[in-house]
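Q: Fit chain G to the supplied structure of chain C, relying on the hints for placement.
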Amino acid sequence: MFKIARGRINSWQVLGAVIFMIFQVIATLYIPNLTSDIVNKGVITGDTNYIIHAGIEMVVVSFITAIAAFGNVLMASQASQGLGRKLRSDLFKKILYFTHDEFDKFETSSLTTRTTNDVIQIQNVMIMMLRMMIMAPIMLIGASFMAYQKNAEMTKIFLVSIPILIVIVGLVMFFAVPLFKAMQKKTDRLNLVFREGLTGVRVIRAFRQDTFEQDRFKDANADYTNNAVKVFSIVAIMFPVVTLVMSGTNVGITWLGAHYIANQSMQIGNMIAFMTYAMQILMSFMILSMVFVFVPRASASAARIQEVFETESKIDVVAKPAKVKDEPSLSFNDVNFRYHGAERLALANLNFKVTKGQALAIIGGTGSGKSTLINLIPRFYDAETGVVSLNGTDVKALSTEDINSRVSMVPQKAILFKGTIRDNMAYGKEGATDDEIWHALEIAQAADFVKELDGQLDGEVEQGGDNFSGGQKQRLAIARALVKDASIYVFDDSFSALDFKTDLNLRTALKNDEKISQAVVVIVGQRISTVADADQIVVLDNGKMVGLGTHQELKENNKTYQEIIESQLKEGK
Amino acid sequence: MAEKKTESPSMGHGHGPGRGPAIVVKPKNFWKTSGRLAKYMSTYVVGIVVVLALAIASAVFQIKTPKILGQATTEIYKGLMTGVAQQKAGIKINGLPINFDKIEHIIFIVIMMYLASAAFNFIQQFVMTRISQRTVYKLRRDLKGKMERLPISYYDSHSNGDIMSRAINDMDNIAGTLQQSLTQLVTSSVTFVGIIWMMFTISWKLTLIALATVPLSLIVVGLIAPQSQKFFKRQQASLGLLNNQVEENYSGHVVVKSFNHEQESIDEFEKENAKLYKASWKAQLISGIVMPMMNFLNNLGYVFVAMYGGIQVANGGIALGDIQAFLQYMNQFSQPIAQLANLTNTIQATVASAERVFEILDEPEMENTKVDVPDVQTDDKVTLDHVKFGYEGNPILLEDYNLNVKPGEMVAIVGPTGAGKTTIINLLERFYDVSGGSIKLDGKDIRNMSREQVRSHYAMVLQDTWLFTGSIYDNLKYSREDATRDEIIEAAKAAHVDNFVRQLPDGYDTVLNEEASNISQGQRQLITIARAFVANPEILILDEATSSVDTRTELHIQHAMERLLKNRTSFVVAHRLSTIQGADKIIVMNHGSIVETGNHEELMAKNGFYADLYNSQFAGNVAL
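Protein chains in written order, with this note's numbering: chain C, 1 to 573; chain G, 1 to 624.
For the record, the hints were derived by calculation from the structure and aren't laboratory data.
Here the structure is a predicted model, which is why all the values come from computation and not from measurement.
Worth double-checking, as some hints may not be accurate.
Calculated lysine to any residue pairs in the SDA-like style (CA-CA distance at most 25 angstroms, straight line) [what the hints assert, rightly or not]:
1) C:K41 to G:K88
2) G:K493 to C:E563
3) C:K105 to G:Q263
4) C:K323 to C:S399
Here chain C stands alone, though its shape is the one from the complex:
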């Protein structure tokens, strides 16, 4: 918790919060002192003027307390929210530069939670700390000091009440905290089962598993309820006992006080003040004990955040990156690759080379490694052995930034961002002209529906591109990639969402485009028709390259390729 706050929180503001808090505590502690003075010097002697005088002093001190409290809140708010801002910012930056490996490791939803909810947790605990938790020790010390001054003998009473408090609170925590943790898990389980009942309603009913569902939920529900009853029963002990200890302390003070006053070793006003101090001391203890509740909660969040910060990118940052050459080409030499921690190679022994103006197609079944192959080009992953070369240079010698400026990718899943069409196209090329954008849209067969949009290029794209159909999204994603000036254009199964006709038009337009025809085009596909006119076709099966050649060659002598054709011929003819 403190680790991630260090260097990110404004220490001046923290210091300010502490100083204001000290003032606030001193002023707060001064008030019982004044009360005792009113009793001792005013009430007992019947000095009305003194009472009024002390009263005015009290108002002033209260005012100072309020001002100090304001200062503390101001500093605490800025410091805690500032910390949140900095954490969010650092996390976002760090995560945005994560590679695929790290995204695989954490999963997107978990990273989102870490950047949003976890940071908010930290923020909340931080403001509580700066406002209440630092108050507790200061108050504790101050009140103890004041109490000791009023009557040193009587402070012995705390030797009884404080240990009792600690034991009680400790016991409750000891039993309750693990149960609270378990409760979180049980809540999750309850939600999960209920949600699955919603999302799977058709399947559940079709397989007549309603009873199984009800039982599953009943178990989760009972489990949760039993746990909750246990937790809250334990917690129920705390409040009454703590109140009892505090009240008992008051009683003790009165009893001892009576004796001290009787033998004239204490003034009666001091006894009243002592009671107030006693309450402040015990309250501070209670607040301190809350540290044990809130800090673990926050430290779980802190640990999750820290885990992100400590994750080092698997891709080695090239110290002195080479500069990418201009002549487009792509080659794989004896490339092997396996996913992190996997037993089996995901790609084995890949060899091929494509040069300027050529198209390479990759075909194969699900899980054959098509997308994996593609991911090696922009160094989303690095090859285990062998060399992937971009424009004649080993990609491992290049910075990812440089690679990305040369490789234009259309991922399998079309991803659009909230904004306008133009904003999305500008991803491909900062400050692209309208002509360039329209040209790319034409090739991508997207110009027609963009023209019909309200505002055309300024037409709105909702979050995730939800206002477009799957095929439209895909075409926009293709257009975005085409706006970019690159050496290599990669289409990762981008055409499968398109109907045959659009697919054909798009590929024809690609072939005839001046810019694209000077580059290397890599197409991953499942349809024979999509890949057939490529200059070279890589046939993948189970991560192995089982064929390389043109459509004609493969059709004649490659068994896997023939199988694929056969399966599609059945549709086609």
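A: Frame of chain C; chain G shown alone:
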């Protein structure tokens, strides 16, 4: 936010940090819903009466004690004053003449009261925890049970998010309130009235002075609350935008990266982040200064009471112990006010929550009214006889539709996206019932069978690859409980599941997580297919099931299917022509209705919608 948490001894429920002050939702019918909620607790009526009695008793004792303890102070003071007077009169004394017997007596009473109060309080909470948790347990159970009896049309017309929020958030609200707020409401009210009463019994003048600060506090709250709301709203809005940005950029990181767009994304993020910071620290500040200001006002009251009271005591008009007690009452006084103010919001929100839960419980359930359609002797497996159907409130989609499916026949359902191809499946599985005509299974109207009976004849593979959180093995077994391990493995092999499952670290015991992100989409699809194989049904329904499996895998599956489909009737919603062409009957759909029915040759000869659809798929297929 922080200060609201501190008073609650419970840590689990209530508003979590980060939500800001809850925006109050008003229930539509407060009393009716409250009454209904009360009915849920009616089995515990004895317990509740006990709880309330104990809560009141505990509060009363707690209120009485300061005044009684104050009497002890007064005794000390009396002794002190007498002693001082004696000393002044020149009498030599060994100690002040304090009446220790009386003080002892007072202290004994006070301790008894404290003990009783604590014990009552504990018992009260102990019992209430059980009552509230069990009540919510029942409510949850009933809700889940209700979900089983609701028709599919309910699921289709309500978003999962909405239902979830009722089942989770609203349920949480109810649990928290039953546990805490109910007794708090009683305790706070009793304490509030009790404290004022006790204050009046000490001195009505002091009480009026003390109460004078109340309107001031109200003004402060009235001024600050709207401001604070404003900033919290702004903070919420900013947070929402920021969360969207985070999600978008993380899920689209491939694109962000490959276009070297990191810096631009960061710049945009920082802009929103700065806005959020501005709104949130102000929100925190404004909500944070309420407490110090209230304290200040409270202190003002305290000072005036101390001054006036001090003078009174000095003049002998009031006992010192009374002032001491009075000051304690003043300190306690603001607590129940704040609590009651919070409670009105909490309770309103809870009743609104209960209302939303009850709304689901009140939804009409599925009915199973038998129809007067006689059984017929037929060799059809499935018969659609003059079927008429339309979704409720929507136009009629099917009118006078007839179809006879013989055992072992394959029926393909085709049409463009959004043509309503699932409608037929909805009817066959009795997710929806026909509005006219009859659907028969083996000659018997399916409305004259139970839904379970109908469904026992089918197995289904949906496009949405739903698997539950559990092991792969359990997911396969899901479709038929008495399936043996061998049968399951065999089915897995037939669906090409066995191979990849064995490569997973835990094999068949691999637990699929909620999004089943530990296996690929295609593999999930295969598992759902295997699950249908395990079911070994008479009739198979495939809803675009093979569309996310690539052609080569599909080829394998088709071989396996041909084997498994033998002597089995099937309905297949398909895009793939290979499936369609082999079908005995093809149902062609468009805009929700059936436009043509027949086999491939018939439909091609017709040269209608189907022929159009079919030909368009080959327009681009040049290279073959």
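Q: Hints first: check each against the structure and report whether it holds.
A: Consistency of the hints with the structure:
1. For the hint pairing C:K41 with G:K88, the CA-to-CA distance comes to about 17 angstroms; that is within 25 angstroms, so the pair holds.
2. The suggested pairing of G:K493 with C:E563 holds, with an alpha-carbon distance near 20 angstroms, which does not exceed 25 angstroms.
3. Taking the CA atoms of C:K105 and G:Q263, the gap is near 23 angstroms; set against the 25 angstroms cutoff, the hint holds.
4. Under the criterion of a C-alpha separation no larger than 25 angstroms, the hint pairing C:K323 with C:S399 is consistent with the structure, at around 8 angstroms.
Checked against the numbered hints given earlier, the structure satisfies every one of them.
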